[in-house]
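Engineer: In case you want the letters, here they are:
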Amino acid sequence: MTLPATPSQTVGPYYAIGLSRRSENELVPPSDAAAVTLSGRLLDGEGDPIDGMIEVWDAVSARWGRSGTDAEGRFSFAVAKPSGGADGQAPRLDVHVFARGLLKHQLTRIYFPDEAEANAADPVLSSLPEEQRQTLVAETEEGALRFDIRMQGGRATVFFAVGS
Amino acid sequence: MAQTERPVDSEVEVDWPDYRSTRLRHPARPLVVLPGRFADLEGPVFGDDALEPHDDDLTRQHDGEPLGERIIVQGRLLDDEGRPIRKALIEIWQANAAGRYRHDGDRHPAPLDPSFGGAGRRLTDDEGRYRFVTVKPGAYPWGNHENAWRPAHIHFSLFGRLFAQRLVTQMYFPGDPLFEFDPIFQSVRDPRARELMVASFDLGVTQPEWALGYTWDIVLGRGRAATPLDPDA
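Chains as they are written, first to last, in the numbering used here: chain A, 1 to 164; chain B, 1 to 233.
Don't read these hints as lab results, they were simulated from the structure.
C-beta: ideal position from N, C-alpha, C; glycine also.
One or more of the hints may lead you astray.
Which chain B residues face chain A? A few, computed with CB under 10 Å, are given here [claimed, not checked]:
#1 Arg23
#2 Leu24
#3 Arg70
#4 Arg129
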């Protein structure tokens with residue numbers, strides 16, 4: 001017998017009271033030799049910034065972090081590129097997006113721009129049309145990683161559901 | 001017979017025009033369905049170092065006691081097979097008894113309470129149980145539509161064992177007359193699923209001469225497959 005799940009509701013505008021009490025956006029210490037800054041903006045269907053929160057999970061190394069967005073919708077993390085997973089999976093970070101106006105958090109992925117070969121072989125990434133694939137690969141920008149999350153529009157980020 | 005009833009639909013309508021801010025913020029494209037093995041991906045684990053003293057008693061985090069109706073909220077965190085989820089991080093936040101959040105963005109002209117911060121966190125125990133002591137939050141107005149008021153609620157953030165069990169939701173109080181007018185509550189279309197967000201008054205949890213008790217069990221699903229990926233898309 002399967003129990004019905006408790007439904008989702010928005011984090012609302014005041015999530016920072018409960019979820020940003022402490023700084024948790026360093027998956028690795030910024031001083032770590034492998035550390036790189038990952039930042040980007042969370043944007044709505046008109047390109048305007050969203051007040052929300054991003055959680056990032058590196059399942060291979062069991063590293064987790066989260067970052068609220070600022071007035072420009074910007075979030076920022078210190079991350080290290082994980083190794084790839086089994087079955088030809090390219091290195092990636094799993095991402096949850098939360099926001100006021102978003103009644104259920106959304107799942108996406110961040111792949112790495114210097115892994116062209118692994119990305120081409122990744123079973124999930126390679127199953128997508130090229131223009132959608134591009135929305136999941138971070139860009140290199142002045143030695144850091146840049147990954148914008150667009151909820152809607154022509155360049156909307158791909159969001160996933162977990163199959164059963 | 002129960003077997004012939006439609007299963008409870010716990011999904012929320014992310015594109016829900018009655019809640020205006022959803023319009024430009026919901027994912028407009030169909031979700032891409034990941035292979036089932038990703039449902040088994042484990043999520044982050046938190047330890048006692050995530051906690052501070054009195055994190056689970058919001059009435060003892062300041063020098064004085066907060067104003068309002070002192071309450072106990074307790075329950076169990078379960079997976080969708082009814083198994084307890086142990087040592088799972090639960091975080092809560094809420095308005096004070098007057099309906100005001102301790103947040104720069106909250107402009108509701110109701111008083112802040114110097115003795116109330118409104119945030120709590122704890123890990124579930126070995127039976128998946130949790131317990132918070134707090135004050136009952138007030139209803140408050142919001143600008144969504146004319147004369148819009150949120151029913152009293154406590155925000156809950158939950159991590160399960162699995163990454164796909166992540167949930168952020170709101171716990172409501174039984175019998176609130178604002179339910180029928182609240183587009184956030186109503187964005188869950190199945191009324192049986194809406195009831196899953198409403199705590200029960202529990203005289204057994206209520207402590208004489210001290211605090212009313214509410215029980216609220218939380219069930220973490222694993223998300224749900226939406227529109228399958230169209231291989232020709």
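Engineer: Look at each hint and say if it fits the structure.
Structural biologist: Going down the list of hints, with the structure as the test:
Hint status for arginine 23 of chain B relative to chain A: holds, with the closest Cβ pair at about 8 Å, below 10 Å. Taken as an interface hint, leucine 24 of chain B checks out: its beta carbon lies about 4 Å from the nearest beta carbon of chain A, inside 10 Å. Taking 10 Å as the C-beta cut-off, the interface hint given for arginine 70 of chain B is violated, the closest approach to chain A being about 20 Å. The criterion of a C-beta within 10 Å of any C-beta in chain A is not met by arginine 129 of chain B, whose closest approach is roughly 16 Å, and the hint is violated.
When held up to the earlier numbered hints, the structure conflicts with 3, 4 and fits the remainder.
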